[in-house]
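Trainee: Numbered per our numbering, the sequence shown spans residues 34 to 418.
Keeping only pairs whose Cα atoms sit at most 25 Å apart, straight-line, the calculated SDA-like set for lysine to any residue is:
1) Lys185 / Gly138
2) Lys246 / Ser204
3) Lys353 / Glu403
4) Lys246 / Asp216
5) Lys132 / Pro273
6) Lys246 / Leu181
If you are wondering where the hints come from, they were derived from the structure by calculation, not from laboratory data.
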Amino acid sequence: MAFSERVARLKSSLIREILAAAQRPEVMSFAGGLPAEPMLPRVEWADMPTSMGQYGTSEGEPELREAIAEEARALGVPCDASQVLIVSGSQQTLDLASKLFIDPGTEVLLEAPTYLAALQAFQLFGADCIAVPQEADGPQIDALRERLQNHKPAFAYLIPTFQNPSAVRYSEAKRDAVAALLDEFGVTLIEDEPYRELVFDDGSATPIVSRLKQASWIYTGTVSKTLLPGLRVGYLIATPDLYPYLLRLKQSADLHTNRIGQWQALQWLGTRHYREHLAELRDFYRVRRDAMQDVLVEHFSDLADWQIPQGGLFFWLTLKQPLDTRTLLAPALAQNVAFMPGEPFFIDPDANPGHLRLNFSHVAPERLSEGLKRLAEVIRQAQAS
Numbered sequence: 034m035a036f037s038e039r040v041a042r043l044k045s046s047l048i049r050e051i052l053a054a055a056q057r058p059e060v061m062s063f064a065g066g067l068p069a070e071p072m073l074p075r076v077e078w079a080d081m082p083t084s085m086g087q088y089g090t091s092e093g094e095p096e097l098r099e100a101i102a103e104e105a106r107a108l109g110v111p112c113d114a115s116q117v118l119i120v121s122g123s124q125q126t127l128d129l130a131s132k133l134f135i136d137p138g139t140e141v142l143l144e145a146p147t148y149l150a151a152l153q154a155f156q157l158f159g160a161d162c163i164a165v166p167q168e169a170d171g172p173q174i175d176a177l178r179e180r181l182q183n184h185k186p187a188f189a190y191l192i193p194t195f196q197n198p199s200a201v202r203y204s205e206a207k208r209d210a211v212a213a214l215l216d217e218f219g220v221t222l223i224e225d226e227p228y229r230e231l232v233f234d235d236g237s238a239t240p241i242v243s244r245l246k247q248a249s250w251i252y253t254g255t256v257s258k259t260l261l262p263g264l265r266v267g268y269l270i271a272t273p274d275l276y277p278y279l280l281r282l283k284q285s286a287d288l289h290t291n292r293i294g295q296w297q298a299l300q301w302l303g304t305r306h307y308r309e310h311l312a313e314l315r316d317f318y319r320v321r322r323d324a325m326q327d328v329l330v331e332h333f334s335d336l337a338d339w340q341i342p343q344g345g346l347f348f349w350l351t352l353k354q355p356l357d358t359r360t361l362l363a364p365a366l367a368q369n370v371a372f373m374p375g376e377p378f379f380i381d382p383d384a385n386p387g388h389l390r391l392n393f394s395h396v397a398p399e400r401l402s403e404g405l406k407r408l409a410e411v412i413r414q415a416q417a418s
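Generate coordinates for the entire structure from the input sequences, incorporating the hints supplied.
Mentor: Right, here's the structure in full:
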């Protein structure tokens with residue numbers, strides 16, 4: 034049977050394979066970016082109009098687009114509702130952008146490490162991915178300038194607020210510097226912000242797109258981390274030169290995002306009970322973050338280095354004695370512990386051993402110590418062999 038040439042570039046998702054293996058109730062999973070089930074809000078459907086079961090517009094529900102535009106303007110994103118496209122989770126933004134920009138051999142610029150599913154989406158369409166190393170406050174600016182001088186990326190894909198997997202939050206200075214360079218070289222920015230609302234300190238800097246003066250941009254977000262991931266409702270906001278093409282690609286992909294999920298999202302966004310829910314969510318995750326930090330200090334201080342995340346859902350650990358953490362998966366699962374190896378988050382996995390991503394939102398605090406103790410022992414045994 035003849036398939037398209039893209040099929041040869043299809044890669045299985047390691048995180049999906051790990052999550053499938055971790056479905057046993059006895060497994061303590063630090064692998065996925067799953068919201069905590071106790072914090073999934075109770076939702077009501079009784080008032081939903083039956084018309085929501087009918088076909089809708091490809092752009093999305095007008096009231097929801099306006100609500101998202103209003104929230105974005107409050108962050109400093111220069112937009113109106115006509116620039117908002119409701120998508121089937123922000124993952125669809127990456128698919129639409131790939132279709133818009135990428136032919137085999139097209140260069141795209143990414144952080145190192147970067148979001149695994151974005152890397153897979155871009156590589157599926159044949160992208161030649163160029164990496165910029167991350168520092169504690171954002172990308173290495175000299176390296177970014179060098180990449181932009183020596184390459185011609187179709188776009189830069191960045192996650193500046195509690196990056197997945199590293200939990201890095203760009204500083205104000207780095208955001209300004211990145212915006213200035215993208216303007217200078219005329220490179221489109223795709224800014225992905227699924228974790229912005231999950232902040233545990235006094236707040237986060239304004240988006241990079243709000244600092245651009247010339248470059249085109251796409252700003253994308255989702256309700257998956259704050260409401261219900263099962264709604265599959267996300268959004269993108271794009272500059273007028275890009276929006277019409279993204280809309281046509283959306284139409285050809287799935288006509289429109291499900292209206293039932295859009296209606297439910299609209300019952301929350303911008304409301305008092307949504308703000309109260311976000312406050313409770315932040316408090317809940319802050320407690321879980323602190324609990325994992327305490328256990329990591331107990332069991333991992335001699336094994337790894339890490340920064341305490343100020344938001345998001347992950348700790349990013351760097352082993353003091355590097356090894357390929359993919360080799361730890363089988364022995365960890367044998368001890369009923371799952372985690373996410375760091376290598377797949379890089380465009381050159383084999384050249385970047387020794388990192389682990391640990392999710393702190395999902396495992397109950399009373400199981401943390403035992404789970405991380407087992408994982409630490411697996412690492413010690415591997416390093417000793």
